[in-house]
Amino acid sequence: MPDLVITILDASNYTLILVLVALGLAIIFGLMNVINMAHGELLMLGAYVLLTVQQLGGSFWLGLIAAPIIVGLVGLVIEELVIRWVYRRFLDTILATWGLSLVIKQAITLYYGPASHSVDVPLASTVNVLGAQYPAYRLFIMAVSIVAVLVTLRLFFKTRFGLAARGVIANRDMAACLGINTRRLDRYTFAYGAALAGLAGAAMAPLISLDPQMGLGFLVPAFLAVLIGGLGSLMGPVAGSLAVGATDNLTATLYSPVWAQLVVFVMAIVVIRIFPRGLVARHARET
Amino acid sequence: MKRGRAITTEDALSALALIVFLALPLGADDYALGEYAKFFAYGLLAASLAFVWGHCGLLCLGQAVFFGIGGYAMSIVTLGKIPGAPTLLSSWLGLILAVAIPALFANLLGRFLFYGQGLRGAFFGIVTLAVAVIAERLATNWPYLGGLNGLMNVPPPNLGLNAGGHEIFEPLELYFTMLGVAALGVLLLAALTRSRYGVALKAIRDNETRVQFLGFDTAAYKTTAFSIGGGIAGLAGALFVTQFGFASPKLIGFGLSAEVLIWVAVGGRAVLIAAFLGAFAVRSVEGILSEALGVYWLLALGVLFILTVLVFPRGLIGEIVHQIDRRRGMDID
Amino acid sequence: MLDVDTLTAGYGRGVVLDGVSLSVGAGEVVGLLGLNGAGKTTLLRTLMGLVPTRTGRVSFDGEDITGRAPFEVAGRGVAYVPQGREIFGDFTVEDNLRLGNLSDTPFDLAFRHFPALESRRRQRAGELSGGQQQQLAIARALMSRPKLLLLDEPSEGLQPSIVGEITETLRAIAERTGAAILLVEQNIDMVLALAETCAFLETGRIEARHGADTLRAQPQILHDFLAL
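Those sequence lines, one after another, are chains S, X and D.
Per the numbering used here, the very first residue in the first sequence carries number 152; after that it's consecutive.
Per the numbering used here, the very first residue in the second sequence carries number 6; after that it's consecutive.
Per the numbering used here, the very first residue in the third sequence carries number 72; after that it's consecutive.
The set of hints was computed from the structure by calculation and includes no laboratory data.
Fair warning: there could be bad hints in the mix.
What the hints assert, rightly or not - Partial chain X-side listing against chain S, Cβ under 10 Å, derived:
#, residue
1, ILE12
2, GLY89
3, TRP97
4, ILE101
5, LEU114
6, ARG116
7, LEU219
8, PHE221
9, ILE311
10, THR313
11, VAL314
What the hints assert, rightly or not - Facing chain D, according to a computed beta carbon distance under 8 Å, are these residues of chain S, among others:
#, residue
12, GLY318
13, CYS328
14, ALA403
15, THR404
16, LEU405
17, SER407
For every residue, glycine included, the Cβ atom is placed at its ideal position computed from N, Cα and C.
Use the sequences and the hints to build the structure in full.
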């Protein structure tokens, strides 16, 4: 029983972090029709911000707060400098953001070197959960993730900003004709998506080793989660993350992490083949 | 008959390039010849991506996967690693498998990704990226493929039916062999793009729905094109490993896929020879600039890539070709 | 109020508007007539900034709005009710209205003119009938208290009784809010009931302009122009 609890908690852990990344991706794509290939690098930046804050003598908690803010600002800059010139050329947005991912990776490599770093776990204690001893820190980041998702949902469904954003997602031109400043919305949405990724990166940092290449390991599953879940609603990435997270953890535990990646991928393309609009299909999005 | 039709700028450039390449050995030492021969393999890989992406509109972010599969296939055969047939060492068999296996794999992928509602544009790109990541991971963890270090001591191409014939390892021979194969590969792809089949592919790239309404099975066209691209990339990979002497996970993964994408974007995605030359140019410049710029080289390359996407979506060489075409009144796009 | 001066615009390399000049005075109702494909919708879209202007000038309320982004045009007091309505089907009636004016939604203004919408305010807009959706689209446009309403074929797909209702409502809106209206319509009766003058768009430019009285007195002008 304790082993099962641990397995489920570990899977939930991974899934909840994935949700943050997938949600950011889905929001950016839904609103701006931009596929952000640099999203993994934004996560990586969040982790490195935490590292830097710690190296400069700040506390972990300061780093955790700083990461989404700083990465959000980076998102603003990226949107202003690069994204907004290509968002009408859909396929080129992938290339542009992909190029950005290379540049960000290189910049971090230049500054920190290609070797890996690590961040200490701030809460070293364990908590008794249904008979199993589980690291308190892992429970903490699950809580952080849940709070972030709830905040995001509230932002999108209960505020005027969210209504405007959903309007632009539904019909960009019409929303613009109603006086909604789509340029400003683009900027803030991209920054918000980036901030979510940065938060995920900072939260994950103590649990994994940091290196400039770490982004890809999150980008691919997050994208597959978005594809599986579908882009029709904000619950899509959540559902997709669940599917990916569960499959990945299950396979990794039963077989190996290498197999897990393969199985997740095969599952993804099978699901997409059967449900081209994703599992949570709402409104079709032409790509 | 094509009597009276002017020579396209693309053809003229290709002919010019060929002449330059034929003359290159006159001023090059053995080391340089070896480098150029490798660049030809890269160039062919770039041309395969240009065909798949620029001409057919399939943004493959993992084209190196096919390159790598071709390389591994060639290595396995020529190293006598075929299970149950350790004496089968034929370079020719290696070449055939190096083309067939990636092509079949591409075909399989195509059946999943292009049929049904189909994965359009960007999502196809992400899936191919995932394939590259997974392929590299698999290759790194598979002892049969040599794991992290790959397969070493891959012999040079052997003209005999089952080894035992003339080995091509002298720099000059290797150079012209590579040039010959690359030229044939590019020629084949170019001929395809100009055929009725190629015109249909271009139409699918520009407006798939309309072509579907005309009754074409666009998924089949795309799958076949993707397979051809994969096969050509595999061919390039096979010849590459015979020069390098080993196949490693580096040849099959994200890194090389990223590089070839840069070459094609910088050179020119819609013009095969531009992509080929793009690989050549970036690789050559890398040799010089990475010494001068040191660690900033990759950063500069990334920034250059972004700039070409923003400002020169046709690629640097592709843009020049386009401008010449415009002045000649021959631009069609 | 609205001054269009030799506007040219088109899609890709094609030219649809070839030197359109038109003006709409404050509080005036102008009908825009023309055959299918003449460019009426393109004109409205260009005015809104959805289609880029090639040459020419558009000024509104004294300000040059040529080539401005749609949200800027809307911000200056122009509201657009496009062909096909383009309501947000997944959102409630209320949210649709809110999107018309996020900072301060005058619901009472909408419900005064369209009482049928009030009882349906929490309903999903996609479930409304065609006529109700058209009402919603117009009500949504009213939310920003516009000085100019651009309407593209509001009667399309609606049965005559509903068209009549909407015509009356539009008349009331014009009178009570003082907004100017540029009405693109195929339904001649509706146009003649509402407009003071009519402009005729043919081959990319305004070929003629006649007062509604003139058109009612001499219907052959319409017949000639629209080849009825």
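Tested hints:
1. Violation of the interface hint for X:ILE12 is found here, the shortest Cβ-Cβ separation to chain S being roughly 31 Å, above the 10 Å cut-off.
2. A distance limit of 10 Å between C-beta atoms decides the matter here; for X:GLY89 the minimum to chain S is near 26 Å, and the interface restraint is violated.
3. A least Cβ separation of about 32 Å between X:TRP97 and chain S goes past the 10 Å threshold, and the interface hint is therefore violated.
4. Using the Cβ-Cβ criterion of 10 Å, the hint placing X:ILE101 at the interface with chain S is not satisfied: the shortest such distance is roughly 27 Å.
5. Contact between X:LEU114 and chain S, as hinted, is supported at the beta carbon level, the nearest pair being about 8 Å apart and thus within 10 Å.
6. About 9 Å separates the beta-carbon of X:ARG116 from the nearest beta-carbon of chain S, less than 10 Å, and the hint is met.
7. Taking 10 Å as the C-beta cut-off, the interface hint given for X:LEU219 is violated, the closest approach to chain S being about 19 Å.
8. The beta carbon of X:PHE221 is not positioned within 10 Å of any beta carbon in chain S (closest approach about 19 Å), and the interface hint is therefore violated.
9. Among the interface hints, the one on X:ILE311 holds; its C-beta lies about 4 Å from the nearest C-beta in chain S, closer than the 10 Å criterion.
10. Satisfaction of the interface hint for X:THR313 is found here, the shortest Cβ-Cβ separation to chain S being roughly 9 Å, below the 10 Å cut-off.
11. The interface hint given for X:VAL314 is met, as the beta carbon of that residue sits about 5 Å from the closest beta carbon of chain S, less than 10 Å.
12. With a least beta-carbon distance of about 5 Å to chain D, the hint placing S:GLY318 at the interface is held under the 8 Å criterion.
13. At its closest, the beta carbon of S:CYS328 sits 5 Å from a beta carbon of chain D; the interface hint therefore holds under the 8 Å criterion.
14. Because the smallest distance between the Cβ of S:ALA403 and any Cβ of chain D comes to about 38 Å, over 8 Å, the interface hint for this residue is violated.
15. Annotation: interface hint on S:THR404 violated; nearest CB of chain D at approximately 40 Å, more than 8 Å.
16. The closest approach between the C-beta of S:LEU405 and any C-beta of chain D is roughly 41 Å, which is over the 8 Å cut-off, so the hint fails.
17. At a threshold of 8 Å, the smallest CB-CB gap from S:SER407 to chain D is about 43 Å, leaving the interface hint violated.
Of the numbered hints stated above, those contradicted by the structure are hints 1, 2, 3, 4, 7, 8, 14, 15, 16 and 17, listed in ascending order.
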